[in-house]
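Engineer: Below, each chain spelled out in residue letters.
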Amino acid sequence: MNLPQLEYFFSFRSPYSYLSAPRAFALPRNYAVELVWRGVRPMAMRGQPLPRPKQLYILRDAAREAQRLGLPFGRIHDPLGEAVWRCLCIAEHARGQESLPAFVVSAAQAIWAGAADLRRDQALRPLCERAGLEWQACLDAIADAGHRQQVEDNTARLADMGHWGVPMFAFAGETFWGQDRIADLERALRKAGLARPSGVRA
Amino acid sequence: MLAALRDRLQRSLLPSAVVAASRLRAPRHAAIRLRRALGGRIGIELYFAFDDPYAAIALPGLLRLIQNRPVQLLLYPLLQRGIEQDPAAEARRRYAVEDADRLAQRASLHLARRAPLAAEDCAFLAAWTEAARGHAAMPAFAAAALSALWLDSTGPVPREACRQLHRSILGGEPPADAAPWLERLAQNTRRLHARGHWESPAARIAGEWFFAHERLPQIAALLERLYS
Chain A
1236 MNLPQLEYFF SFRSPYSYLS APRAFALPRN YAVELVWRGV RPMAMRGQPL PRPKQLYILR
1296 DAAREAQRLG LPFGRIHDPL GEAVWRCLCI AEHARGQESL PAFVVSAAQA IWAGAADLRR
1356 DQALRPLCER AGLEWQACLD AIADAGHRQQ VEDNTARLAD MGHWGVPMFA FAGETFWGQD
1416 RIADLERALR KAGLARPSGV RA
Chain B
5 MLAALRDRLQ RSLLPSAVVA ASRLRAPRHA AIRLRRALGG RIGIELYFAF DDPYAAIALP
65 GLLRLIQNRP VQLLLYPLLQ RGIEQDPAAE ARRRYAVEDA DRLAQRASLH LARRAPLAAE
125 DCAFLAAWTE AARGHAAMPA FAAAALSALW LDSTGPVPRE ACRQLHRSIL GGEPPADAAP
185 WLERLAQNTR RLHARGHWES PAARIAGEWF FAHERLPQIA ALLERLYS
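These protein sequence lines map, in sequence, to chains A and B. With the numbering used here applied, the first sequence has no gaps in its numbers, which climb one by one up to 1437 at the end. With the numbering used here applied, the second sequence has no gaps in its numbers, which climb one by one up to 232 at the end.
One chain only, chain A, in its complex shape (with noise of 0.2 angstroms):
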């Protein structure tokens, strides 16, 4: 049976996108849609200004989020360039199995949370191969000049629906930026017919 499709927009620079990570993916546990990734580059990669008050009112904003989410957050290396381009990658490689949440949610909390460098293969690697990614495809993943064009295009698809942040949801013509957005789209899904029966989950 074909599920109402869910886009998931995420920027692995974007803290905002580590703090939707574990909501989003269990999105389709308990709503009957499919979970699509989208992952783009971050908006200092594609021309959007970041001026300093902002930088610093996301990262406290950030800061004050996870501490309600119960998330760890605030040893950080910002993965600005080749970083990102390794995770993406990564990424699309793993899409469509059941190693994306794993890969996403890790490598997202390793740069938030854990300060760690993935320009660095021994910071990766150990990464991947929890999430059940073979490191060598991996790396072949990395090179892989189709999953960048893939990255290319989620970038283009997010500004073609009018909107420049992330985490941004789209669902049937509605689009909803933002973490704490989401019990908007819960609110959503559920007026749709979407919520799975208690105790019946995907």
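These are calculated hints, taken from the structure and not from any lab test. Keep in mind the model is a prediction, meaning the values are calculated, not measured. If a hint is listed, it holds; no wrong ones were tucked in.
Only some residues are given here: those of chain A computed to face chain B with a beta carbon under 7 angstroms:
no. : residue
1   : 1284
2   : 1292
3   : 1294
4   : 1295
5   : 1298
6   : 1399
Note that beta-carbon positions come from the ideal geometry of N, C-alpha and C, so glycine has one too.
Assemble chain B onto chain A, guided by the hints.
Structural biologist: Only chain B this time, still in chain A's reference frame:
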């Protein structure tokens, strides 16, 4: 070697230090509690724009939170806000209407207006509010005007309805001309920037910034802690 150190500083040490420093709230909160014990009030600054639909969620929400609490709410209406030369500015303005309506629904409210407003069309309201600085009912007027703009009207800005609100809440005629207040409104924007923020609706409480439309529960929790 130097490049590696700079890289580590920029990517890891500085952002991690920003987060660590933001968690050092105890001294600030202790000072605020002491001031309160000596009869002082907690101050909240809210910077907001009438053309921002999120302000129609933030200000009434803040007023509900501080009801019956000795809080000094200082309002700073803005005409200029946001990031200069932001290529996403128009998309943000369109999305804000849709998103603010969803936030309103959380409180069983609904935004009647479905399209963005231009800042210049709302400039008279910012001027009227700025002119009422020092009046005890200034926040009530601003909240009522925001509701009139976003929750209760569509089409052109309801200037006459806002004039009626001015009469009934502030007890008098509003200024006939916005021009004398424009410099004060520009000062509000400069004050917002100087204090480290850029956008509406920004609330500063106990040294922390909150986007007030989406952080009302967090603000409530902070006030709870400060009053405990």
